[in-house]
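Chains as they are written, first to last, in full-length UniProt numbering: chain A, 1 to 315; chain B, 1 to 244.
Accuracy of the hints is not assured; some may be wrong.
In silico EDC-like links for lysine to aspartate or glutamate, alpha-carbon gap of 20 Å or less [claimed, not checked]:
id, chain 1, residue 1, chain 2, residue 2
1, B, Lys-16, A, Glu-93
2, B, Lys-241, A, Asp-126
3, B, Lys-18, A, Asp-91
4, B, Lys-18, A, Glu-97
5, B, Lys-21, A, Glu-60
6, A, Lys-136, B, Asp-185
7, A, Lys-111, B, Glu-87
8, A, Lys-116, A, Asp-129
9, A, Lys-131, A, Asp-113
10, B, Lys-18, A, Glu-93
11, B, Lys-241, A, Glu-60
12, A, Lys-132, B, Glu-87
13, A, Lys-112, A, Glu-93
14, B, Lys-16, A, Asp-126
15, A, Lys-175, A, Asp-126
16, A, Lys-143, A, Glu-97
17, A, Lys-143, B, Asp-185
18, A, Lys-136, B, Asp-46
Examples of chain B residues toward chain A, derived with CB under 10 Å [unchecked claim]:
id, residue
19, Tyr-9
20, Phe-39
21, Ser-79
22, Ile-85
23, Ala-95
24, Ala-190
25, Gln-192
26, Lys-196
27, Leu-197
Honestly, the hints are just simulated from the structure, not real lab data. Predicted, not measured: the structure shown is a model, and the values here were computed from it. For glycine and all other residues, C-beta sits at the position ideal for the given N, C-alpha and C.
Given next are the chains, with one letter for each unit.
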Amino acid sequence: MINQSMIKISNLHKRFGKVHALRGVNLNIGEGELFAYLGPNGSGKTTTIRILTSLTNPTEGEAFLNGYSVLKQRLDAKMQCGVVAQHINLDNELTVEENLSIHGMLFGMGKKDRAKAIDEFLEYVDLADRKKTLIKQLSGGLKRRVMIARALMHRPKIVFLDEPTVGLDPSIRRKIWSFIKKAQNDGATILLTTHYIEEAEFLADRVAFLDTGSIVVIDSPQNLMDRMGAWALDTMNNGDISTEYFKSREQAEASAKGRQYTGFTVRRVNLEDAFIAQTGKKTIGEAAPAKSPHGGAHSSGHGHGGHGSHQKGGH
Amino acid sequence: MNGSFAVYYREMVILKRKIFKQIASMAVSPLLYLAAFGFAMGRDFDMDGMTYMQFLVPGLVAMASMTQAFSIASEINISRFYWHIFEEFQSAPLANVQYVIGEVAAAITRALLAVSVIMVLALCFGVTLSINLYFVGAIVINAALFGSVAVICAMLVKSHADQSLVTSFIITPMAFLGGTFFPLDRMPGAVQAILKLLPLTHAAKAIRTSAHGGVPPLFSYALLLVLFGVFFSIAIICVNKARN
Numbered sequence: 001m002i003n004q005s006m007i008k009i010s011n012l013h014k015r016f017g018k019v020h021a022l023r024g025v026n027l028n029i030g031e032g033e034l035f036a037y038l039g040p041n042g043s044g045k046t047t048t049i050r051i052l053t054s055l056t057n058p059t060e061g062e063a064f065l066n067g068y069s070v071l072k073q074r075l076d077a078k079m080q081c082g083v084v085a086q087h088i089n090l091d092n093e094l095t096v097e098e099n100l101s102i103h104g105m106l107f108g109m110g111k112k113d114r115a116k117a118i119d120e121f122l123e124y125v126d127l128a129d130r131k132k133t134l135i136k137q138l139s140g141g142l143k144r145r146v147m148i149a150r151a152l153m154h155r156p157k158i159v160f161l162d163e164p165t166v167g168l169d170p171s172i173r174r175k176i177w178s179f180i181k182k183a184q185n186d187g188a189t190i191l192l193t194t195h196y197i198e199e200a201e202f203l204a205d206r207v208a209f210l211d212t213g214s215i216v217v218i219d220s221p222q223n224l225m226d227r228m229g230a231w232a233l234d235t236m237n238n239g240d241i242s243t244e245y246f247k248s249r250e251q252a253e254a255s256a257k258g259r260q261y262t263g264f265t266v267r268r269v270n271l272e273d274a275f276i277a278q279t280g281k282k283t284i285g286e287a288a289p290a291k292s293p294h295g296g297a298h299s300s301g302h303g304h305g306g307h308g309s310h311q312k313g314g315h
Numbered sequence: 001m002n003g004s005f006a007v008y009y010r011e012m013v014i015l016k017r018k019i020f021k022q023i024a025s026m027a028v029s030p031l032l033y034l035a036a037f038g039f040a041m042g043r044d045f046d047m048d049g050m051t052y053m054q055f056l057v058p059g060l061v062a063m064a065s066m067t068q069a070f071s072i073a074s075e076i077n078i079s080r081f082y083w084h085i086f087e088e089f090q091s092a093p094l095a096n097v098q099y100v101i102g103e104v105a106a107a108i109t110r111a112l113l114a115v116s117v118i119m120v121l122a123l124c125f126g127v128t129l130s131i132n133l134y135f136v137g138a139i140v141i142n143a144a145l146f147g148s149v150a151v152i153c154a155m156l157v158k159s160h161a162d163q164s165l166v167t168s169f170i171i172t173p174m175a176f177l178g179g180t181f182f183p184l185d186r187m188p189g190a191v192q193a194i195l196k197l198l199p200l201t202h203a204a205k206a207i208r209t210s211a212h213g214g215v216p217p218l219f220s221y222a223l224l225l226v227l228f229g230v231f232f233s234i235a236i237i238c239v240n241k242a243r244n
C-alpha cells in the first residue's frame, strides 16, 4: 500500500536508434518513500531518471511528478524535484556558494532565502567551512556532498539520486547514506538508482530490479530476501561457485558436510541473491564487469555479503 | 526572469574571475591591426575623406562585437561537454527562452567590454569616436545577433573541435570581408552583392557612420533586427532539440 503517488510512470519506452533502452516501464512511488532502482549498467536506470528530469524525451509513455506531466507541464514538474546526477556537474571555476546560489536563482529563490538555504544545507552536509572554496579544490567525495546540498536547498518534494556514491570509498559512501536518510526523514520522496546492493538493502523501502529496460520485480528488500531463505551456502569446486539457500545456518553447514569442494562460505542471504534469482544474471555487475562494485565479475556465482564463515579444503 | 539572470550571473562570475586575462586577450588583435594596418600601412591612405585609422577603428568595433559575442559558444561548450552544467540548467525549471536570453545578455556584455578596450586603444592612436545611441544600438543588436548564432552553434556541434571549424569557415571570413578593413565598393560588383548580405557588413556600416557623427541608414538596423529575431528563435528551438 503506498501513500499519494509522487512519481508515476506509465508504459515508458525509450529507443536510441535500434537500442530499446526502456521497454514499457510502469511505476508508482508514494509520498515519503525511498525507492531504489537496481540494475546493472545499461539496464535503463539513468535513462529513466533522464526522462523524469526532462533531460530526454520518452519515445512512448508518460510520467508524472506530484501530478505534473513531465511532457506537458515540464516546468511545473521540474519545480518538484532536486537531482544528484551520476557524474559531477558542478562549475569548477566557481565557489561552492556561487554554485548553490545559481541553483537557488534557477528555482526562483530570493536573495535572502538563498543565503539562508546555502548556510543551512552546507551545515547539513558538514561543509559550512567550505562555502568560499572553489569546486576544483574539493575532492570527489566533497563534490558529491555539495551536489546533495544543491539538490535539497530548494526543498524539493522529490529527489532523484543517480548513483550518488559511485566511485567513492566506503566511509564516504556511508556518510552520504546518512544524508539521504535524513532527506527522507525530512519528508522528501527519493528515487535512488544504484548497482551497489548494500546501498539499496540499507536505504530502500522498496526496490525495483531492472534488467534490459524492464522491471522484473518490485518489493521491499526484506521480502525479496525472505523469498530466498535466510542463509546461503556458496561452494567452490574447480573454480565454479554454486549457491544454495537454507532457512537456518545449521542447515547450511550440515549440507556443506560430506561433499567434495575446494572451499565454502556460509553467509546471510543478501539482495544480490534475490536479484540473481529474479533476473537469471550471474551478478548485478554482469552487464559491465569492469565497473562491478565487487571489483570484477565472477566466473560463476556472486559476491559474498557479511555475517558468513569461510572455510577452505574439502571432505 | 530569475532563470535568465542565473544564466547571465554565471557567465559574469566566470568573466570576472579571469577579467585581466580577458581584457588582455581582447586587446591583442585590435592592437596588432591598429599598429600594422592603421598606423604603419594605412598612414597615408585617404578613405572617403577620413584617414585609414578613422576608417579602421569602427570596423574593428564591429568585428569585436561579433567575435566576442560569438565567443560565448566556447563557454557554453565547455560547460556542456566538460562540466555538464548544461544538464543542471536543463533539469531546472528554466524555459528555453530564458536560457537563450541569459546567454545573449552575456554575449552583449562581453561585446561591450571588448568595444571599450578598442576605444581606449584607439585613443592612444589619436582616434576618438562619437558615442551616441545609433553607435551603441548597432553594437548591441550586432552582439545580440551573434550571441544567438553562438547559442545555435553550441547546441548543434558535437564536440569542441567542431566549434573551431565554424569559427574558421564562417566567423573569420566574415570578420575580414564584412566591410571591416576596406570599403565594399572596391570589390567587384558580384562580390559586393554577396557581401551586402552579411550582417557584419550592415553592422560595420551603421557603426562607422554613427561613430563619425552621421545618421546611419535605418535599413541596416531593420535588417539586423530581423536577422536577430530569426536567429534568436532558431536558438530557442536548438536548445529544446539539445534535450535528446
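Quick one: which hint numbers does this structure break? Sort them smallest to largest. Hint check: 2, 5, 6, 7, 12, 13, 14, 17, 18, 20, 24, 25, 26, 27 fail, others pass.
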